[in-house]
Amino acid sequence: MDVQLQKIFDSNYKGKTLYNHFCELYYQMQENKYYKAQSLSDFEDLSNFIKENRFYHLPLKTADQVNNLQDQIFPWQEYCKQQMQLMQIKAKVINATVQNFLKLNALLNNVGYGFTDEDAYLIQQSLKSIAIRDSNIINIRFWGKLFAQNRDYYVIEVQLSKSYKEPQPIDCDEKLNEYVHYVTQDLLEDWALLPQVTRKQMEASRFITYVFSGNLNKEITQYPIFNGKEKHLLKAQILRITHANLLAPRGLYRFDDETKLITFEDEFKMPESAELSTMDGWVHLPPNILKQGRITFYEDPSLKEEELNQMKEADPELERLKSIKDDKPFEQNEGNWNIKIFGETQQYTNQEEQPLSYQIVQLRNYLWPGAITVSNSNDFISIYFGYGNKNQQNSFNPLAPNDIQEEPEDIDEIPEPNPREQPDELEPDSDDERRREQERREAELQQQQE
Amino acid sequence: MNISFNDLKFLHQIGQTLNLEERMRLQLAILKIQEHYIFDEVLFWGRVEGVEKDYYIALGIQYKGQYEFPLKKFFWSSNNYHFAELPKYNEEFAQRAETLREPFTGQHEHIVFRTDEEINFEDSLEIPAQLPAKNFSELERLSYIVQSIEFQCASIPVGSYRLTPTHELIKTTFKGVTAELKNYQHFRQPIRKDKQDLIARDEALYRPDFLDSLVDDTPHNQWSVQTDSTKRNITIRNLIWPGYLGYNNDYTFGYAYFGDGIKNSDFEFLL
Numbered sequence: 001m002d003v004q005l006q007k008i009f010d011s012n013y014k015g016k017t018l019y020n021h022f023c024e025l026y027y028q029m030q031e032n033k034y035y036k037a038q039s040l041s042d043f044e045d046l047s048n049f050i051k052e053n054r055f056y057h058l059p060l061k062t063a064d065q066v067n068n069l070q071d072q073i074f075p076w077q078e079y080c081k082q083q084m085q086l087m088q089i090k091a092k093v094i095n096a097t098v099q100n101f102l103k104l105n106a107l108l109n110n111v112g113y114g115f116t117d118e119d120a121y122l123i124q125q126s127l128k129s130i131a132i133r134d135s136n137i138i139n140i141r142f143w144g145k146l147f148a149q150n151r152d153y154y155v156i157e158v159q160l161s162k163s164y165k166e167p168q169p170i171d172c173d174e175k176l177n178e179y180v181h182y183v184t185q186d187l188l189e190d191w192a193l194l195p196q197v198t199r200k201q202m203e204a205s206r207f208i209t210y211v212f213s214g215n216l217n218k219e220i221t222q223y224p225i226f227n228g229k230e231k232h233l234l235k236a237q238i239l240r241i242t243h244a245n246l247l248a249p250r251g252l253y254r255f256d257d258e259t260k261l262i263t264f265e266d267e268f269k270m271p272e273s274a275e276l277s278t279m280d281g282w283v284h285l286p287p288n289i290l291k292q293g294r295i296t297f298y299e300d301p302s303l304k305e306e307e308l309n310q311m312k313e314a315d316p317e318l319e320r321l322k323s324i325k326d327d328k329p330f331e332q333n334e335g336n337w338n339i340k341i342f343g344e345t346q347q348y349t350n351q352e353e354q355p356l357s358y359q360i361v362q363l364r365n366y367l368w369p370g371a372i373t374v375s376n377s378n379d380f381i382s383i384y385f386g387y388g389n390k391n392q393q394n395s396f397n398p399l400a401p402n403d404i405q406e407e408p409e410d411i412d413e414i415p416e417p418n419p420r421e422q423p424d425e426l427e428p429d430s431d432d433e434r435r436r437e438q439e440r441r442e443a444e445l446q447q448q449q450e
Numbered sequence: 001m002n003i004s005f006n007d008l009k010f011l012h013q014i015g016q017t018l019n020l021e022e023r024m025r026l027q028l029a030i031l032k033i034q035e036h037y038i039f040d041e042v043l044f045w046g047r048v049e050g051v052e053k054d055y056y057i058a059l060g061i062q063y064k065g066q067y068e069f070p071l072k073k074f075f076w077s078s079n080n081y082h083f084a085e086l087p088k089y090n091e092e093f094a095q096r097a098e099t100l101r102e103p104f105t106g107q108h109e110h111i112v113f114r115t116d117e118e119i120n121f122e123d124s125l126e127i128p129a130q131l132p133a134k135n136f137s138e139l140e141r142l143s144y145i146v147q148s149i150e151f152q153c154a155s156i157p158v159g160s161y162r163l164t165p166t167h168e169l170i171k172t173t174f175k176g177v178t179a180e181l182k183n184y185q186h187f188r189q190p191i192r193k194d195k196q197d198l199i200a201r202d203e204a205l206y207r208p209d210f211l212d213s214l215v216d217d218t219p220h221n222q223w224s225v226q227t228d229s230t231k232r233n234i235t236i237r238n239l240i241w242p243g244y245l246g247y248n249n250d251y252t253f254g255y256a257y258f259g260d261g262i263k264n265s266d267f268e269f270l271l
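Sequence lines, in order, name chains A and B.
Mapping of the first sequence onto UniProt numbering: position 51 corresponds to residue 51, and the numbering continues sequentially without gaps.
Mapping of the second sequence onto UniProt numbering: position 203 corresponds to residue 203, and the numbering continues sequentially without gaps.
So here's chain B without its partners, still in its complex pose:
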């Protein structure tokens, strides 16, 4: 979501918003990111609520010079509004983090999983090449959750981006779409074979829907498309990650995450 925060009114659909202090300090902090990094666009991604403190996430996107899909970089900050890069997470424990239901505490050093391993050097014939992993901290859990949500949820309307002949993504003049699920696609490198083929054959240059469509997501009831009374402001919500909201009207589009960072793993039973 753009840091001018004009689009906050869409968030009111889920009853969330940013108060004045948050908005002002986030604007300053996000602008400050550009002091050290060069991005085409720096956006506010969302807020993950914790028990004591909240986390704010920003996203930097670089379109130019990237082949096939822009580069995304995430930044996080706690209530001190000082953004730092979101670190990589430990792959082994990351899967377990997805099904955790405890809320985030707000302290990023809080240890989520312990990884105490004792390596007995005398018994083994070979000395392991790497040291045992550090404990899995809450920051890594945050990192994993943010990247999961981005991968599974982040969506844009069809017709908002085009692929140039040099396979760069650019934003086009956006005219609005009707409120149907087929008009939305994932904002990630396509993983579906047919879309990858489209791009390989260069046909994607002429089509507005060259990224993975949301219609093919399983289970397909996870998306909820709603409009407001005017029928022009459309919001699209995900039920597996409650708190994710994508929005668009005739002039703008975007998405954000405002929630507690917990996945709704029981979703299939709830319908």
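Next up, chain A with everything else stripped away, as it sits in the complex:
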């Protein structure tokens, strides 16, 4: 016991032993005029104080150590540099309609969604940087955020004046790839362009429910088979979400039947808040995607006309700028959209007897949870925050694979018609054959006898 106690007392820490420390402590408790140690709590404080303030002699570094001292890398260096670069992006003139995301984010915050001001500022700068890079851009907006297992995706949507001419299979629709998307996983890093999708990929993506992993080049192993990597599925889901959820207030756009183009209405006045807060005030802006995976129906020349007509009926094209009131209702709700009012709901009238309202309307889509459109009397924004999947009311039922095909019937084997040599006597394969051989030989024998 004594030996152990002696060892503890002699234990060394930076040149001082425990015994020395106790002596020092005791001395201070008695002699120190400035710190009157009176009770047990003071004991600890004093001990700590002594430990921290004593001069401990550290041995000098050897020559080796001094020569090999590495410069301490400032851990935040990369971050500061990137952030500074992003914040300084500026151009004389940008010929594109860039969304004022900074302002619209404040609108989102008022309904309980959105980003911090700092993140919104970075997103705005990113929008600018992409617009500067490509002079073909007409329209650029922040599409939303797709959550993934490892790293989330931020997505920006762009409309170009001249689309990229990537070779595509014949049955694909050029118009489907009208919107082009850029993706990044970290706002300070560079944005990657998502590839175009083919019709088959669009069709297949309707049957898959998948949580993105965060790796753009990951192979998708789901049933039914999706031919493509995660970036293709990402693009397909983004397109589906956009075409189902991008809304515009009624009267902003006009669809020209002859040229099949959407243009701005000449005289546009934002509908009143009363109308915006009902489903009547909103229309779908992009066209509907058919089950086939295209916008206009594709007539496969190899299929018969009857089949084509049947397929066409099952997959009708819908008119453009359709009101959201006519959307297929979700479960027991009326319609597909949930409308909530936030903010100041007080109705004012200004001096010209016109109603003035500061309320904010939020529309949420039931079928695509996470897709919202928010508007007040001056602005509106559509955005998506979610995992990219539909709201499945039924439990996941994997698609049954196709029936196993039956083996074809075995064809009877016939011996070679004119063999050069006499075929060897082979053992018959089955009883039937044996019997048949037997009968054949008897018949031959009979014939010979006759």
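Keep in mind that the hints were calculated from the coordinates and are not lab data.
Where hints are given, some of them may not hold.
[Unchecked claim] DSS-like, lysine-lysine: derived pairs with alpha carbons at most 27 Å apart: (1) A:K390 x B:K53; (2) A:K218 x A:K229; (3) A:K128 x B:K231; (4) A:K340 x B:K53; (5) A:K340 x B:K182; (6) A:K51 x B:K263; (7) A:K218 x B:K182; (8) A:K103 x B:K64; (9) A:K390 x B:K263; (10) B:K64 x B:K193; (11) A:K81 x B:K182; (12) A:K218 x B:K231; (13) A:K128 x B:K175; (14) A:K328 x B:K171; (15) A:K51 x A:K81.
[Stated by the list, open to error] Here are a few chain B residues that face chain A, going by a calculated C-beta distance under 10 Å: (16) D54; (17) T178; (18) K231; (19) R237.
Glycine residues also receive a C-beta, built at the ideal position from the N, C-alpha and C atoms.
Dock chain B against chain A, hints included.
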């Protein structure tokens, strides 16, 4: 999450936040809870979105005087910002509630399951001791969901709490952890045998990771640990209960739930 709402910026990772009106009224309402109840800490737990109205949940925690794990009490309020205690739920129907996919309507008396039972007194020889249960209301569903999420998800970083020699939990000065799953543990009474043993042997006093670790959760892909550009703000999300977010950086930590209260039961098929 603390009611000073300084930590709301972490929620922006999932794109959710509280607007000004919500923040102000919640602060007042949560402070008011302490008028009638005594807790060491009253925190804002989260918001469950419904079709017509939302539910706000607050959590009161009592550390002192509790052996082995602090006492948690939940409070709920609807859009009127008046908190009341969250009632107990009926055990029988609770399991079914977990797999419901319908959204919350926002009306707490809405009946989720009917429990019409007819008891024929003439035929049975004995009279049952208790009356048939009331209908399972949405409030009970909320209660069950909130307590499930708390049990299955609520997590804190390693090193944030210590066990005192009297087996009380206290908060320690927290220095931050690296962004790995093994640095997080469940904020609940440990159910794993090895952790329970640690506590029984008093070894837990010297270890910072004496609660169930998140690494042992099955299926283990349900946790998603992410950092932002600075690599110091870490958020940890659960994929089975999308909407749950735990966060920490070098100074603070916490967790909250902002979602629709529906469990993602198909999770295993989605990867």
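Hint check:
| no. | hint | in the structure |
| --- | --- | --- |
| 1 | A:K390 x B:K53 | holds (22 Å) |
| 2 | A:K218 x A:K229 | holds (6 Å) |
| 3 | A:K128 x B:K231 | holds (25 Å) |
| 4 | A:K340 x B:K53 | holds (9 Å) |
| 5 | A:K340 x B:K182 | violated (41 Å) |
| 6 | A:K51 x B:K263 | violated (54 Å) |
| 7 | A:K218 x B:K182 | holds (25 Å) |
| 8 | A:K103 x B:K64 | violated (47 Å) |
| 9 | A:K390 x B:K263 | holds (14 Å) |
| 10 | B:K64 x B:K193 | holds (25 Å) |
| 11 | A:K81 x B:K182 | violated (31 Å) |
| 12 | A:K218 x B:K231 | holds (24 Å) |
| 13 | A:K128 x B:K175 | violated (38 Å) |
| 14 | A:K328 x B:K171 | violated (52 Å) |
| 15 | A:K51 x A:K81 | violated (40 Å) |
| 16 | D54 | holds (9 Å) |
| 17 | T178 | violated (12 Å) |
| 18 | K231 | holds (7 Å) |
| 19 | R237 | holds (7 Å) |
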